[in-house]
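Here is how the chains run, residue by residue.
There are 2 protein chains.
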Amino acid sequence: MYEEIVKLAREQRLNDLRKRLESINSADFPNLFEELDEDVVLIIYRVLSKERAAEVFSELEPDMKEKLIHYLTDTELKTVIDELFFDDEVDLIEEMPASVVKRILSTVKPEDRKTINELLAYPEETAGTIMTTEFIDLKEDMTVEDSFRRIRETGLDKETVYTCYVLTIDRKIVGVVDIKDLLIADPQALVKDIMNPHVITVSTLDDQEKVAKMFDKYNFLAVPVVDKEKRLVGIITIDDAIDVLQEEVKEDFEKMAAVHPNDESYFKTTVFKHARNRIVWLILLMLTSIITGAILNNYESAFVSLPILVSFVPLLMDTGGNCGSQTSTLVIRGFSRDEIKLKDFFKVWWKEIRVAMLVGIMLAGFNCIRILIQYGWNQGRLALVVGLTLLLVVMLAKSLGCILPMLAKKIKIDPAIMASPLITTIVDSCSVFVYFQLAVLIFGL
Amino acid sequence: MYEEIVKLAREQRLNDLRKRLESINSADFPNLFEELDEDVVLIIYRVLSKERAAEVFSELEPDMKEKLIHYLTDTELKTVIDELFFDDEVDLIEEMPASVVKRILSTVKPEDRKTINELLAYPEETAGTIMTTEFIDLKEDMTVEDSFRRIRETGLDKETVYTCYVLTIDRKIVGVVDIKDLLIADPQALVKDIMNPHVITVSTLDDQEKVAKMFDKYNFLAVPVVDKEKRLVGIITIDDAIDVLQEEVKEDFEKMAAVHPNDESYFKTTVFKHARNRIVWLILLMLTSIITGAILNNYESAFVSLPILVSFVPLLMDTGGNCGSQTSTLVIRGFSRDEIKLKDFFKVWWKEIRVAMLVGIMLAGFNCIRILIQYGWNQGRLALVVGLTLLLVVMLAKSLGCILPMLAKKIKIDPAIMASPLITTIVDSCSVFVYFQLAVLIFGL
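Residue numbers (our numbering), protein chains in the order written: chain A, 850 to 1294; chain B, 850 to 1294.
For the record, the hints were derived by calculation from the structure and aren't laboratory data. Just to be clear, a hint being listed does not mean it is correct.
Identical copies carry no separate label here, and so any pair may be met within one copy or between two of them.
In silico DSS-like pairs for lysine-lysine, Cα to Cα no more than 30 Å straight-line [claimed, not checked]:
(1) 1259 x 1021
(2) 1259 x 1117
(3) 1192 x 914
(4) 1258 x 1117
(5) 914 x 1029
(6) 1196 x 899
(7) 1190 x 856
Generate coordinates for the entire structure from the input sequences, incorporating the hints supplied.
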């Protein structure tokens, strides 16, 4: 496919090229551009229709956008910017370096600059930052026929025409009409008689993740955004909601693996930035491990007189860590899927305690038998110490795996940081302490 | 809100109740029902219109559906089932126990039974299982006016009317028309002149996750599903795609925390099932820890003569585990976001090696200085052993964190199982070995 396109471009057979490009979805252009030389990219980009050029542009990665802007003339850039939806324009401005932003803003129509500045002013991660101000508004006393006329006149530039919003004179939202309802209604019927007056809205300052989750729950295609005075100021469409959901999942995975979250993709992130994103947590977690080491140190006389004790340390540490991660992951994900709430604390804990008993008894039993077989039937005390510690460690790990994320949620920090790595190192300290304390007691060391 | 509804229901003020319920979104009914007694639930459910009843029904959790079916008369059940979309009917049949399925199937119209059986026959997790067979089909030589008539006549029961599919006589798909395009076209224009002939389709046997990701990439609202003969057999709508994405994320989180994936929610899963989902991995991982223990055992004479060595074991194990999880999580997520591909292996490895060098040198440096301060300036050899091991362990952990998921992908098993817990235990064995080997060499033990 690539060869053919490159050939058409190099031979300046622009009409054939335009035709060939028609069959390529806008979302496939970023991959195409990555593979081609810049001069070919530019030829391709210039034969696209202006609507298509804007569509393709908004699909590109920030660095490709920047390159392209660099090569476009002011007039070409203006055409692209004019065609972009407001939310894409705002994204662009947020992504580009200051010098490029200046050039972009100089091409924006003065009447649009106000809207963009307003959109830029919303705090990060709020509904305001992902909404677009382009939607179809109807009035209650319009007929269905009027409505279709309005959609035809204004609809083409709107991000979605599937849902129309019914506003009062002072732009307060009083209803929504699905285009499906307009299609089956009598052309003379009034909008107010067919609209659904039970509108679910979100506020400009609502958290974008909360809003994105509503799409999943309510199967919305778009949701209206209102300001403090309850006036409709924009809508959020489902494609942007999905992006937010994906972004939040990425962030959660990173946090749960002790990596500082990062907006950029893996390859776009430099080695230094990768190192920086990881070192902070590694050092923090290392401090906890040093405490575990100090505890071990404390029991030096115990393990010098009974060295076999040391060989169970990895088993206890790893099992504790794994049990803790299992629980903390389930609890953290339960929170973000709204399956688990803070008020369920005791319900979750009680469930985990019972799971821990079952799992702990199995693991302890397995190891007691193994020890007796491997080290001889006279090693009953060793089996007792290891088995008992395992049971206690599993119960402790599962308790902490449930308590710490709950606590984080309670004091309003992201429970995701209470994931595997932190739980593991904390459980490690406890396991080593419990283990040697029991050993000292039972063996009388 | 609940009190008012309960009052209206108990007092049999059904008209007021119906009115009150109108303002509640169908997606909010599951929470409402969870809070109410079964007799009140039944009163509420019976006052809903049949369309609403079906909508609410498909939002409920399986156990609530089962309860409701138990209380409904055969006629009532038939009304609900008739109103459901085929994909929701299939979900229902898959979720319910055999006795309930029998009752459900007895209410299904004979002509629908064939469709349902076909849908049930698709292999799990394929596009066929999440598609619905209800869509709007047009012919190429219809006019725009004809199309609107067809949408009006058949559209109301279709899951989406926003995109219409243009079929040939033998039901092969030749184009799609967005309702937006129909709205602005001349009523006498022909469908073939306004349709988009570049249709992206999926096959019934495509993996559902792959299909769901296409929604994110192409911003689809629905995607057409074709059979082996390229005939259109159904469509997948965005709400079902989002459910798949969410489900896959849940599964990934579970796998990466060494929990066997589970379809049910946290609370719906019994304690025994929770234990069963966790014990398998715990035992597997334990076996690896036992190996680490055996390695430690091997160096008994070393740590008995120099007990301080033991206190660094947690530090080395934890740091190795954390570094490994960081890398493996980024690589696994990179795979599932299509940012990283198998062919990038050396690119990723080289990046990780450099990150590991940076991070390793920092951690090693930090610890060397700490050891010299804490244990005295004559402990140069100890500092050297710990520092060198740390550097090696970090590089090893980051390498394995990249190699193992890549290897899993290569041999076509899910890379998610190569996540933190497995990497951690494997890295543990290696770190302990490297550490004591270095200690024996440098201290001449």
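Hint by hint, here is what the structure shows:
| no. | hint | verdict |
| --- | --- | --- |
| 1 | 1259 x 1021 | neither (36 Å within a copy, 56 Å between copies) |
| 2 | 1259 x 1117 | between (36 Å within a copy, 24 Å between copies) |
| 3 | 1192 x 914 | between (47 Å within a copy, 25 Å between copies) |
| 4 | 1258 x 1117 | between (32 Å within a copy, 22 Å between copies) |
| 5 | 914 x 1029 | between (37 Å within a copy, 29 Å between copies) |
| 6 | 1196 x 899 | neither (58 Å within a copy, 37 Å between copies) |
| 7 | 1190 x 856 | between (59 Å within a copy, 27 Å between copies) |
Violated hints, in rising order: 1, 6; the structure is consistent with all others.
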